[in-house]
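There are 4 protein chains.
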Amino acid sequence: MILDSNKVAAHNDGLYTAHKNKLVFTASEIAETESIIKKLIDFQIAIPSWALGTGGTRFGRFPGGGEPRSLEEKIEDVGLLHALNNASGAISLHIPWDIPTDRNAIKALAAQHGLKFDAVNSNTFQDQADSAYSYKFGSLQNVNKSIRKQAVQHNIDVIQQGVELGSESLTVWLADGSCFPGQLNFRKAYENTLESLQEIYEALPSNWKLFLEYKCAEPNFYSTTVADWGQSYSYVKKLGEQAKTLVDLGHHLPNANIEQIVSLLLMEDKLGGFHFNDSKYGDDDLTAGALKPYQLFLIFNELVEGMDARGMNHATDLGWMIDASHNVKDPMEDLLQSVEAIMIAYAQALSVDRKALEIAQNENDVVKAQEILQNAFRTDVRALVAEARLRAGAALNPVALYRELGVRDALIGARGLKTVATGL
Amino acid sequence: MILDSNKVAAHNDGLYTAHKNKLVFTASEIAETESIIKKLIDFQIAIPSWALGTGGTRFGRFPGGGEPRSLEEKIEDVGLLHALNNASGAISLHIPWDIPTDRNAIKALAAQHGLKFDAVNSNTFQDQADSAYSYKFGSLQNVNKSIRKQAVQHNIDVIQQGVELGSESLTVWLADGSCFPGQLNFRKAYENTLESLQEIYEALPSNWKLFLEYKCAEPNFYSTTVADWGQSYSYVKKLGEQAKTLVDLGHHLPNANIEQIVSLLLMEDKLGGFHFNDSKYGDDDLTAGALKPYQLFLIFNELVEGMDARGMNHATDLGWMIDASHNVKDPMEDLLQSVEAIMIAYAQALSVDRKALEIAQNENDVVKAQEILQNAFRTDVRALVAEARLRAGAALNPVALYRELGVRDALIGARGLKTVATGL
Amino acid sequence: MILDSNKVAAHNDGLYTAHKNKLVFTASEIAETESIIKKLIDFQIAIPSWALGTGGTRFGRFPGGGEPRSLEEKIEDVGLLHALNNASGAISLHIPWDIPTDRNAIKALAAQHGLKFDAVNSNTFQDQADSAYSYKFGSLQNVNKSIRKQAVQHNIDVIQQGVELGSESLTVWLADGSCFPGQLNFRKAYENTLESLQEIYEALPSNWKLFLEYKCAEPNFYSTTVADWGQSYSYVKKLGEQAKTLVDLGHHLPNANIEQIVSLLLMEDKLGGFHFNDSKYGDDDLTAGALKPYQLFLIFNELVEGMDARGMNHATDLGWMIDASHNVKDPMEDLLQSVEAIMIAYAQALSVDRKALEIAQNENDVVKAQEILQNAFRTDVRALVAEARLRAGAALNPVALYRELGVRDALIGARGLKTVATGL
Amino acid sequence: MILDSNKVAAHNDGLYTAHKNKLVFTASEIAETESIIKKLIDFQIAIPSWALGTGGTRFGRFPGGGEPRSLEEKIEDVGLLHALNNASGAISLHIPWDIPTDRNAIKALAAQHGLKFDAVNSNTFQDQADSAYSYKFGSLQNVNKSIRKQAVQHNIDVIQQGVELGSESLTVWLADGSCFPGQLNFRKAYENTLESLQEIYEALPSNWKLFLEYKCAEPNFYSTTVADWGQSYSYVKKLGEQAKTLVDLGHHLPNANIEQIVSLLLMEDKLGGFHFNDSKYGDDDLTAGALKPYQLFLIFNELVEGMDARGMNHATDLGWMIDASHNVKDPMEDLLQSVEAIMIAYAQALSVDRKALEIAQNENDVVKAQEILQNAFRTDVRALVAEARLRAGAALNPVALYRELGVRDALIGARGLKTVATGL
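Residue numbers (the numbering used here), protein chains in the order written: chain Z, 1 to 424; chain X, 425 to 848; chain W, 849 to 1272; chain F, 1273 to 1696.
Simulated from the structure, these hints should not be mistaken for laboratory data. Incorrect hints may have been included.
As the list claims (entries may be wrong) - As a list, the in silico DSS-like pairs of lysine-lysine whose alpha-carbon atoms are at most 27 Å apart:
hint, chain 1, residue 1, chain 2, residue 2
1, Z, Lys418, W, Lys984
2, X, Lys842, F, Lys1421
3, X, Lys446, Z, Lys22
4, Z, Lys136, F, Lys1627
5, X, Lys612, W, Lys1203
6, X, Lys444, Z, Lys22
As the list claims (entries may be wrong) - Going by beta-carbon spacing under 7 Å, a handful of chain X positions derived as facing chain F:
hint, residue
7, Phe483
8, Pro487
9, Phe645
10, Ala714
11, Val752
The structure displayed is predicted, hence computed values, not measured ones. Glycine is no exception: its CB is placed at the ideal position from the N, C-alpha and C atoms.
Could you build all of it, start to finish, from the sequences and the hints given here?
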């Protein structure tokens, strides 16, 4: 389904006056809105290939209808999202869930939708029907060298597929760990994992990055072999300059100060990118910004400050990806809400008065520092995000337009009510 | 120190044009702003008598200067806050820290500042020099009947003092609990506590409420005898209609859904009131709204919905109190920030489109329900809160005016740099 | 597969001398071991019908071999466990996963293995192929009356099936809740749930109990409609005397004091029973006692003290059930380990010197109270548990005998390597 | 107060027969008990100088009587503990709380009691009356260079004092951090702290170690500048070989897998030592092993395995210290209980069948691995710990002898009922 640009224009026309008024007022409240809008236009958040279908939990899954039945349809769906919000211009493949059969056709299709191929993901947490070995007791950490070899080779294969699509990074998230005390020797699990990662790292093209994601628990419930930022950091330091830590917002123990972790990883030149989502209890994979929008802002506050301090390009020097599971919402609407929340947090962070904040910090003026951050957060920046979309030809209100156009019904009509997206 | 109303007016004049523009714009975004502003004017949040001094932790305390040296000076400080924000029109005494010596003079002083006496608090977590018995192993729960009697009598004395000041509620927060398994018999501790509470309840005037606060931990680190909302609920159900549960936002286990608790207590007619603060790790007693402003909004969202469903008066039918500790900020500025955050959350909750939300809920339109709540939260309502202050003769920007007037320096001049506020 | 009693005897003969020595020594350390052994013989822990197969997480499932393919085979497996440990003499059916087709045959089969039918479980967290309505947005809480009716009827059907099998209790665990703020009205969800529960309660035979289980999160990640013990308590108080709260050890927020909850529910005559498992992060469903054996002991310490205070029968007055998921272990071995850990905790609790503990508590002798509990926990009671098995004709070391007999290989031989147990 | 060795002997005589029987039985259960007993005799746990007095919380303090009034009396108290258990042969000074005035006399007194001076601790979380600058906003992290210099100099002074007493390590625990978002720039706080630590490190004698302790929160409640093991690790890697990470068991976020952290720090040669205590909610500083004895065992399991893998000396190559606060117990009894729990965990870890465990791990035999660890934990090793004391001339039951001798009453007689120990 291709979005008709006339319909976008009609939608925008209807909202234009109210938008313009709001934009003018916003510009009276925030300095340098033009600069902010330009950065918002450039900012793109990749959509994982599995996220177009309804997710589930171990207790079940309640699928919606019209879900994509193939990688082609997934690309079409991401293309539609990108047409609606001009902020989802990339797709992140999970392999072996989404292996292109005809790479040239896939690349052409993506290009047609203005999409790039972001990081490729090498899933080794499920067994495939044709695999020689099982990952029941881990992949890169496995006590069995043959199993480690199989997992290393899978990663190398994934890199190769990514190269052909134009990806430039590999995300390694490992389910490896243990469910019970005594199950594994932590040190040997670390050493096996490091050895495996080194073999993968050696296969990495020189312009690629390897993102090593950490997670405190699940699906292993006693230990995880890359369990926290410190463990990921200790691996990527040993691997080399192209290896970086990837932060998934839902992968921390309760009460963790994620923004501080982000700041320190940036300082160490070891931050690779993000998996955005929100959570209350564990790795809940809820819509980004749905529960802790202030935390999301504080994270972007560190990102903007830290990237600027290093002279980094906001749009391209880190990997930005959604990693949420869409259990009770239409996945497309959920993704639009996630992207919107991320753009708002980014816009708020861009509007922080950094000079005043630095002065307040140097004077230990805690009250003032809080006022500055909360002012940026409390100010309504949505008109800036909408304006960025407007200028790029996307919709002022993507969710509203998605509904006006009856996209889901059209997809159900085209694909059927009961479809099964590959992946989770 | 009495705030000069001319100086308030001058401050407001300087900010008026920008404020008015913002107010007009806000009124274009939110329906029925007049009704909201009126509710904001009526809404008052009590200040605890100990909160005017710098707090500390078990690791130390770093006092500021000019702290109040007497109950009279505390009332003056609250009076100043109220003059600045017209939202702190009550003081909540902690006894035995703040026992009036001349009640009539104290009442007159409070009246002069437009202050009421909110809930009185019966501290039984410290020993007093003249006490016969120690609370080392608890007060109302104590295995020693004589100690329980002492604690019960203290509560009854506190009620009597409250009666004479015009208070109409008693807040009972118990440090009672245990630090080690086996230390106490949970059932007997409950039964002792219930018996003690019943004796206190019998001494309660018929127009009073008894608020029973719960807390998961600290200062006891294994068990607390009123540890969660369910335990408080089970006590207050047995006590009678005048007994209610008090919710302190910092007293929950990690990840608790406080807004759901609030909704259910309201449903059961067992919600008494609030102690506002914010926290990240435990009972951190940080400035309200400093870390989780969306949670604060969601709580007010339940309060507005639930109180309206029961036909309750927002301003008077529940107890609203700050309970934060001001360790690294000027306590007065901290209190102004807390009150501001609470008023903003209340205003946001008042602006929720409840009819649309109810429809979305009835249709299981989760995306829409989120849009409605987040729209209310993302919309900048600060002009409404400021307008409420303006109409009541208070300051458009209380913290700014507090600083312009050099209040802290004046207090240091009057009271000295090294003073010690009674209480924590 | 039926356990050959000669093989049990041969196994026991080989271990007898060492066992006897240990038993004699244990009897020199613990008072009244005979009384303890008798209680251990009587104590039975029900096995859920789904637990004989390998569990999984949302990330995948790694099945073992020889899993039961039918309810009949599940009963055989539980029968085998019971023959090995004489402590698993009941099975708890999850419906609609395990609906008997020929009830008389099933009852005869169970009787042949010495098994009773414990609580029946009414799963409403998955959609069935033939269902008119979906539980995507909840069952008993649903805003749609027809969906609530379907779920109520399912519960009533489950009761009916239980009646015919000889069960005497219904366990209601609800996945109902919400994933996002605004998704549901907490009060109305409560009221709908209460109304539904009342309809189910009315269908309850007079000799039955209704167990209402609570859970803080999962599969809903913002709110759960029966989220904590206080919420369950408030429902069961309204329902009537036959309604009780069921405690699953993994369903609490981090750091919750479960033993205190147990004590208070017993005090209120509202404790119904247990789902045993262990966990570190969330509802991890690990082998009971695998991570926090001291907590398990402390819970049994409260159970023994509280049940004795009420004159309750340990073996029959509460429901004792395993509720763990066997992801990386042979499910049969895992269940044997869980039951062993529970029996040890029970034996330790029975050996606590209660008179001395009461004296220590009355004297606030915290050090002594800890010494008493830790002495009971540190003393090795395994010989008592083994002796209870020996006297009942079961194995001194069930896991060892299970392995000696090559049970899993035999099951694989009989059932095949790739089988799928119904249920999770 | 000096323990009369005749009284120890008399105490031991009374318990000897029962002890011997138990020891013989234990030796029938555990291999190589002689080797274990020898290691237990050598194992010493340092007592912090502040721990002889009753601790408190921010809510108050309930002192006992007879508390030491001087460093001399503290040394005497530790000497008494060591005479009772032969496992507390070191004292760890907190400075400026406990600065020796006459070093030679203090060294002689310690030597008389058989005590060494363990790590010295440089407290910079409180202001001293004679300090030029305040640590309200941090010490080594402070934005003010002069304040950092003061804190660095204090650390260097502490090293100097330690050198003269014979200490060989400095423990740096920093309260530094922030209470509110925006209060500090995380990167600059890190850089300031690193620079300060480097200056301290340069002053370190070549035979010394610098232990950098981490803590997730408290007394700062938004961020801590050395917040987790990863942050400590990143500092000590930059500092050099003599810098190591110190693990305090209570300083982690909820549910952290501490034993894995311990294993990895050992692997990296960056583990320095331990502060032992137990906790349920936060940094509760309860008696070691009082709540999570299995966790304590699992930590020692990693320590024994990891130290042996590196050929380290258990007794001397890491720092072993108590760091608990004795709020509701006699501090001396509490310390005896902590040390006992630690020795038990160590003995259990020494008794693990490591060869069998390694085989089980290599076969992914999770059930077997759990059996091996739980067998070591469930076996009663207390006779080994007691035998180690007996052989070293200490008491078979230290707490019992402490009570038999009426030590506390004697101390109250000598020192008075109301004394104040320096420190917390």
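Quick rundown of the hints versus the structure:
1. Under the criterion of a C-alpha separation no larger than 27 Å, the hint pairing Z:Lys418 with W:Lys984 is consistent with the structure, at around 15 Å.
2. Proposed proximity of X:Lys842 and F:Lys1421 is supported: the alpha carbons are some 25 Å apart, at most 27 Å.
3. The hinted pair formed by X:Lys446 and Z:Lys22 meets the criterion: a straight-line CA distance of about 11 Å does not exceed 27 Å.
4. Between Z:Lys136 and F:Lys1627 the alpha-carbon distance is near 23 Å, which keeps this suggested pair within the 27 Å criterion.
5. The hinted pair formed by X:Lys612 and W:Lys1203 meets the criterion: a straight-line CA distance of about 15 Å does not exceed 27 Å.
6. Between X:Lys444 and Z:Lys22 the alpha-carbon distance is near 15 Å, which keeps this suggested pair within the 27 Å criterion.
7. At a threshold of 7 Å, the smallest CB-CB gap from X:Phe483 to chain F is about 4 Å, leaving the interface hint in force.
8. Taken as an interface hint, X:Pro487 does not check out: its beta carbon lies about 9 Å from the nearest beta carbon of chain F, beyond 7 Å.
9. Because the smallest distance between the Cβ of X:Phe645 and any Cβ of chain F comes to about 4 Å, under 7 Å, the interface hint for this residue holds.
10. Interface hint at X:Ala714: satisfied, since its Cβ lies 6 Å from the closest Cβ of chain F, which is below the 7 Å cut-off.
11. Taken as an interface hint, X:Val752 checks out: its beta carbon lies about 5 Å from the nearest beta carbon of chain F, inside 7 Å.
Violated hint for the displayed structure: number 8, the only one.
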